[in-house]
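Enquirer: Sequence:
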Amino acid sequence: MRLRTLFAVLLPLLAAMPLCAQGQLPAWDELPKTAQWELRMLGVTGPARLAELRETATKRVVTIAIVGQGGMSRTKIRPHLPPGSSFVYRSCPDYPNCEPEKPTHDSGQALVILDLTAALGMRVRLASYRPGVLWQSVAEDMADAGKRCDIVVCFHSFWGHNVSMITDAIAASPDALFVAPYAEYQERPTGTSVQAASTKPWDGGLPNFITCAPLARKSDGSILQPANRDANDTEIINFIAPSHHASGPGGTCPAAATTAAAAALLYAAAPHRPTPAQVIDLLRQGAWVDTEALTSAPPFTSEHIEKLQASIAQLMHSHPQGMAKLDAEGVISLYASWQMLDD
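Numbered according to the working numbering, the sequence shown spans residues 1 to 343.
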């Protein structure tokens, strides 16, 4: 009876303890090199700062949806889910038989997100939406994800006069943050893409929708320069995110994954569930060129920083069409944004 009484007392206490207090999180030196590199570049430069973020990372479970026509593999993802996290299929053409036969792009990007969220000690609910080929199916899945989730990520790009079906679904889900990679396709005007509807502080856009481009480890520090051929190229980059996984400045999908993970930490750590606009504002205010952090992870040096600053200046400069091509003037600093959270 005494043992039963002891367990009855201890179990609720253990359940309420942060994961780090339960000894379930890896030490800084035990983190995957990919996660450690991205954390350094995000301003989490060592074990002390990581411990600070982990102390606040379990205030709430964060729900993240990935909407994509390739789908995700539960078999591949399940081993990477940290304690307290889960994965669920929400839709697919052959629902409930949603396991893809081949490796998919979305599965790979989901692992990029989990790489960081696991390192930060967060609990996430990951939802897979695999719409059919019809635009209406994509729009319906985006809308459903927006109703159920904190963050919705779509690594695909859609073009043409039907994009309003998708942007209308995003607009109808104001409580969810939508994240996408910056995209270009052949010679099509970027204003005809879904991403063109992302928020623009100087000119409207959807206030809960952002695009991302990488500061890639495999680069000289340069940032992708968006197409700017005429007034029809209206797509911009909202945030520059450090990426260990990007193939270069044009590898924008991993940047969206890193941004989604950074946003998830702000949702998890905030005293009260923030709105998408508040999360975007925190990321925007925290973005800067943190030379100390950015050169703490090889191979970046002062020469890389010079290239980065030149790229940012070019993006921020008023272009012939009268619009800058970058929203946040700097690189996402998760640590700086986290410090701005109200107690």
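Simulated from the structure, these hints should not be mistaken for lab results. Any given hint could turn out to be false.
[Said to hold, decoys possible] Calculated pairs, BS3-like style, for lysine-lysine (alpha carbon to alpha carbon, straight line, at most 25 Å):
1. Lys76 x Lys102
2. Lys76 x Lys33
3. Lys59 x Lys147
4. Lys33 x Lys200
5. Lys307 x Lys218
6. Lys200 x Lys147
[Unchecked claim] Beta-carbon label-pair distances, calculated as ranges:
7. Asn97 x Gly191: 32 to 40 Å
8. Asp175 x Trp135: 37 to 45 Å
9. Val289 x Gly46: 35 to 43 Å
10. Ser247 x Arg60: 43 to 51 Å
Where is the CB? At the ideal position from N, CA and C, for every residue including glycine.
Enquirer: Measure nothing beyond the straight line between the CA atoms of Lys76 and Lys102; if it is 25 Å or shorter, mark the hint as holding.
Expert: Given that 25 Å is the threshold and the Cα spacing comes to 11 Å, the pair holds.
Enquirer: Between Lys200 and Lys147, does the CA-CA distance stay at or below 25 Å?
Expert: 23 Å, holds
Enquirer: For the pair we were handed, Lys76 and Lys33, check the Cα-Cα distance against 25 Å.
Expert: 20 Å, holds
Enquirer: Between the alpha carbons of Lys307 and Lys218, is the straight-line distance 25 Å or under?
Expert: 13 Å, holds
Enquirer: Need the status of pair Lys59, Lys147: alpha-carbon distance at most 25 Å?
Expert: 21 Å, holds
Enquirer: For the range 37 to 45 Å, tell me whether the beta carbons of Asp175 and Trp135 fit it or not.
Expert: 23 Å, violated
Enquirer: Could you say whether the range 43 to 51 Å given as a hint is met by the Cβ separation of Ser247 and Arg60?
Expert: 34 Å, violated
Enquirer: When you check the alpha-carbon spacing of Lys33 and Lys200, does it fall within 25 Å?
Expert: 34 Å, violated
Enquirer: That 32 to 40 Å hint for Asn97 and Gly191 (C-beta), does it hold up?
Expert: At roughly 38 Å between Cβ atoms, Gly191 and Asn97 fall inside 32 to 40 Å, so the hint holds.
Enquirer: Is it true that Val289 and Gly46 lie within 35 to 43 Å of each other by Cβ?
Expert: Cβ of Val289 to Cβ of Gly46: about 19 Å, so the range 35 to 43 Å is violated.
This entry does not satisfy hints 4, 8, 9, 10, going by the numbered hints stated previously.
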